[in-house]
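As a plain string of letters, each chain reads:
Protein chains: 2
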Amino acid sequence: MKALEERILKDGKVYPGNILKVDSFLNHQIDIKLMDEMAEAFYEKYKDAGINKIMTIEASGIAIAYAVGRVFGVPMVFAKKSKSLNIGGDVYSSTITSYTYKKDYKIILSKNFLSEKDNVLIVDDFLATGSAMKGLLEICRMAGAKVSGVGICIEKGFQKGGKEITEMGYDLTSLAVVEEMTDDGKIKFRN
Amino acid sequence: MKALEERILKDGKVYPGNILKVDSFLNHQIDIKLMDEMAEAFYEKYKDAGINKIMTIEASGIAIAYAVGRVFGVPMVFAKKSKSLNIGGDVYSSTITSYTYKKDYKIILSKNFLSEKDNVLIVDDFLATGSAMKGLLEICRMAGAKVSGVGICIEKGFQKGGKEITEMGYDLTSLAVVEEMTDDGKIKFRN
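Those sequence lines, one after another, are chains A and B.
Counting in this note's numbering, the first sequence runs from 1 upward without gaps.
Counting in this note's numbering, the second sequence runs from 1 upward without gaps.
If you are wondering where the hints come from, they were derived from the structure by calculation, not from laboratory data.
Model, not experiment: these values are computed from the prediction.
Some clues are possibly wrong.
Stated by the list, open to error - Heads up, incomplete: computed chain A residues facing chain B, CB under 7 Å, no partners named: (1) His28; (2) Asp31; (3) Ile32; (4) Glu58; (5) Ala59; (6) Ile62; (7) Ala63; (8) Tyr66; (9) Gly69; (10) Pro75; (11) Val77.
Said to hold, decoys possible - Derived CB-CB ranges, DEER-like: (12) A/Lys117 - B/Asp90: 43 to 49 Å; (13) A/Lys117 - B/Gly169: 48 to 54 Å; (14) B/Asp48 - A/Ser82: 41 to 47 Å.
Unchecked claim - A partial selection of chain A residues facing chain B, derived with a Cβ cut-off under 8 Å: (15) Asp23; (16) Ser24; (17) Gln29; (18) Ile30; (19) Arg70; (20) Met76; (21) Phe78; (22) Ser110; (23) Asn112; (24) Phe113.
From the three backbone atoms N, C-alpha and C, an ideal C-beta is built for every residue, glycine too.
Hey, can you work out the whole structure from these sequences and the hints?
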């Protein structure tokens, strides 16, 4: 998506360790107009897929999921990061690994809000190693929900997440795929 | 706000310890149409206040803040709960107490996204003891930002937060104020 790539080039900041900071418009301060444009792009792709629910994970996925749910006219639901390893029976849970914080944690979703009746579009702001996304996909499997697509704002194409999720058979749509970042701050997108 | 009160009566669940669960439409699964209606109510109240930024705290404030930012046509920014007590110099930070989890933690906001040029409407899904809200207000004070209003979806009127924030001189707008909840599940609203 052209507008997103241009915005990344204009306002994104590259830091050592392949860190891309886009917190001025995507995941700390939010540019709502850009977010709504991204939601429209996902809608164009999936509008005929019969989607009845948008799913994401807190916290930075919530804004894009809200925007996408709005254009689809369906509810959105977000998985929570659990503070406790003791999980009750009324939730689906999956263990994911945070590479940023070098530890495992659980994500949970109430069984009341996802079932085999649901046809889901999962969205998130970033895809890198894919650990969080695989946790969400596992929760959908547990619930018996259909996953019609995975929609990502920015994919780090040089990390394994995108490839693995595609190989698992899911339909992945990334609005911008960063192919390469150099330590002097240059960003190259996949065509 | 009538539609919100009716929805709380219909789908809210009361649990011992004055817990009100509204996770089917407000803070786990999100009813986007209702959220947009709440945003319109805040807009009606504050549309002439010159607001240029909406502020909230992750995670469950993000959806309503997005909706409100959208109707105002301004960016929104959310404070983050810090995993580290070591906070760098490029953020404002404030310590707040979680009564749910019985511990203190820091909330942070990048200095890039709030300054004395900002005229802020702070919004959140819930107001009870007011600890998180006071943290957000302290960050606005540090930044020199003007706070034109505090907008809350559901206030627990029998807890101290609303009274204290009003006494601090802020203009508080709660769309539903729960005056009383009984252990048999009855909910009474303030007129």
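Cross-check of the supplied hints:
1. His28: holds (6 Å)
2. Asp31: holds (6 Å)
3. Ile32: At 5 Å from the nearest chain B Cβ, isoleucine 32 of chain A passes the 7 Å test, so the hint holds.
4. Glu58: holds (4 Å)
5. Ala59: Interface hint status for alanine 59 of chain A: holds (4 Å vs cutoff 7 Å).
6. Ile62: holds (4 Å)
7. Ala63: holds (5 Å)
8. Tyr66: Constraint on tyrosine 66 of chain A satisfied, holds at 5 Å.
9. Gly69: Check passed: Cβ of glycine 69 of chain A comes within 5 Å of chain B, closer than 7 Å.
10. Pro75: It holds, given that the least Cβ distance between proline 75 of chain A and chain B is near 6 Å, below 7 Å.
11. Val77: Given a least distance of 4 Å, the restraint on valine 77 of chain A holds.
12. A/Lys117 - B/Asp90: 43 to 49 Å: Since lysine 117 of chain A and aspartate 90 of chain B have Cβ atoms about 46 Å apart, the given range 43 to 49 Å holds.
13. A/Lys117 - B/Gly169: 48 to 54 Å: holds (49 Å)
14. B/Asp48 - A/Ser82: 41 to 47 Å: holds (43 Å)
15. Asp23: Cβ of aspartate 23 of chain A sits 6 Å from chain B, so the hint holds.
16. Ser24: holds (7 Å)
17. Gln29: At about 4 Å, which falls below the 8 Å cut-off, the nearest Cβ of chain B leaves the hint on glutamine 29 of chain A intact, so it holds.
18. Ile30: holds (5 Å)
19. Arg70: holds (5 Å)
20. Met76: holds (5 Å)
21. Phe78: holds (7 Å)
22. Ser110: It holds, given that the least Cβ distance between serine 110 of chain A and chain B is near 6 Å, below 8 Å.
23. Asn112: holds (7 Å)
24. Phe113: Holds: closest Cβ of chain B sits about 4 Å from phenylalanine 113 of chain A, inside 8 Å.
When held up to the earlier numbered hints, the structure conflicts with none and fits them all.
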